[in-house]
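Student: Chains as they are written, first to last, in my numbering: chain A, 16 to 143; chain B, 16 to 143; chain C, 16 to 143.
Hints in this document: simulated from the structure, not taken from any laboratory.
Careful: at least some of the hints might be erroneous.
Treat identical chains as interchangeable: a pair holds within one or across any two.
In silico DSBU-like links for lysine-lysine, alpha-carbon gap of 30 Å or less [as the list claims (entries may be wrong)]: (1) K36 <-> K69; (2) K73 <-> K35; (3) K36 <-> K73; (4) K73 <-> K43; (5) K43 <-> K27; (6) K43 <-> K81; (7) K19 <-> K81; (8) K35 <-> K69; (9) K73 <-> K19.
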Amino acid sequence: MMTKISLATSEKLQIINITKKIQDVITKEVGLLFISIPHTTAGLIINEDEENLKADMKEFYSMLSKGHWNHDRIDNNAGAHLAATTINNSLIVPISRRLLGLGTWQSILFVELDGPRDRNVHLMELSA
Amino acid sequence: MMTKISLATSEKLQIINITKKIQDVITKEVGLLFISIPHTTAGLIINEDEENLKADMKEFYSMLSKGHWNHDRIDNNAGAHLAATTINNSLIVPISRRLLGLGTWQSILFVELDGPRDRNVHLMELSA
Amino acid sequence: MMTKISLATSEKLQIINITKKIQDVITKEVGLLFISIPHTTAGLIINEDEENLKADMKEFYSMLSKGHWNHDRIDNNAGAHLAATTINNSLIVPISRRLLGLGTWQSILFVELDGPRDRNVHLMELSA
């Protein structure tokens, strides 16, 4: 069964910690959680939620995908597509005791690369 | 059960939309599709199939992995290996009503980074 | 059921082939292996285990994430976090005949980006 979380991003580039929102919909005691997004100018990563680092991420994805792109003549967001392909549009996280199995410094971060937009995150619990 | 799709790429760098080929082999009504490649100089991404953007992707992966590499003395394709590690060699996509659960702008793209070559894509349908 | 492999890395950047260690713990005849790490400054890739290429990877991830980062004022490893987000913190590999289903040139490589550290790799065998 698929569950959906909705997000309204407010900036062009934005890193949003969605770990708690995801944790709140888990119903299985043990298994795996498949997390995916239906978007092509955003991504998902598992990394540290630290303010300076989140600012660095925005600068990094922007820098990485800087260029004179053909797609910008159609829709001025080529860099957002290109950066998105270097991160993930889905993740799998283990579930145990009804909790996300994340390391001490790991959070699930939604990476907005072409906001502000309304975004969705799809969740599917799987048996292990 | 594993199904295989074969591709013959024709360029050094090439972005090929394989969504329809993959859709055609789906037999499950509901579940997940695990898609993987046995290659180290190619990758898989989920992004938009737009001509300008596909040209930009080729330029982007090429630019990203430009350098003077040691592996080039053995096999002149270090950049292809390095760029491949920044994208995916497997993907998981939900299946519902026997259809790939992709967003409006999402296509499954095979990224050739060291063609032309004969390539394979492996598919395995999983129960949800 | 989760199995754990422990690694002690010895360099700041290091590429370690963990394929054999992973192969040794497989018990299922057929299925999928979910491999994940609880870390935010390391990653997993599937690529070729060739000495020159492994040296190139270290140079590549270092070059890719070079910059003046805010997070470096807190903990001098922003580049390691940023590079980690461009690779994977989990992988899925098919199992058949109790063997990892990898291509000829594919190895499972642990990418240390902020060593030396004690690291863990978690393994979970799934039914297909």
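Student: None of the hints should be skipped; say for each whether it holds.
Tutor: Now for the hints, and whether the structure bears them out:
In this homomeric assembly, K36 and K69 come within 30 Å of each other (Cα to Cα) only inside a single copy, at 19 Å, whereas the closest approach across copies is 34 Å. With identical chains, the CA atoms of K73 and K35 are at most 30 Å apart within one copy only, with a shortest distance of 22 Å there and 34 Å across copies. In this assembly of identical chains, K36 and K73 lie within 30 Å of each other by CA distance solely inside one copy; the values are 22 Å within and 36 Å between copies. Within a single copy, K73 and K43 get their C-alpha atoms no closer than 34 Å, and across copies no closer than 39 Å, so neither meets the 30 Å cut-off.
Within a single copy, K43 and K27 get their C-alpha atoms no closer than 35 Å, and across copies no closer than 39 Å, so neither meets the 30 Å cut-off. In this homomeric assembly, K43 and K81 never come within 30 Å of each other (Cα to Cα): the closest approach is 42 Å inside a single copy and 41 Å across copies. Proximity of K19 and K81 under a CA criterion of 30 Å is satisfied in neither setting, with 32 Å inside one chain copy and 36 Å between copies. For a Cα distance limit of 30 Å, the shortest separation of K35 from K69 inside one copy, 17 Å, qualifies, whereas the shortest one across copies, 36 Å, does not.
Taking identical chains as interchangeable, the C-alpha atoms of K73 and K19 lie at most 30 Å apart only when both belong to the same chain, with a minimum of 25 Å there against 33 Å between chains.
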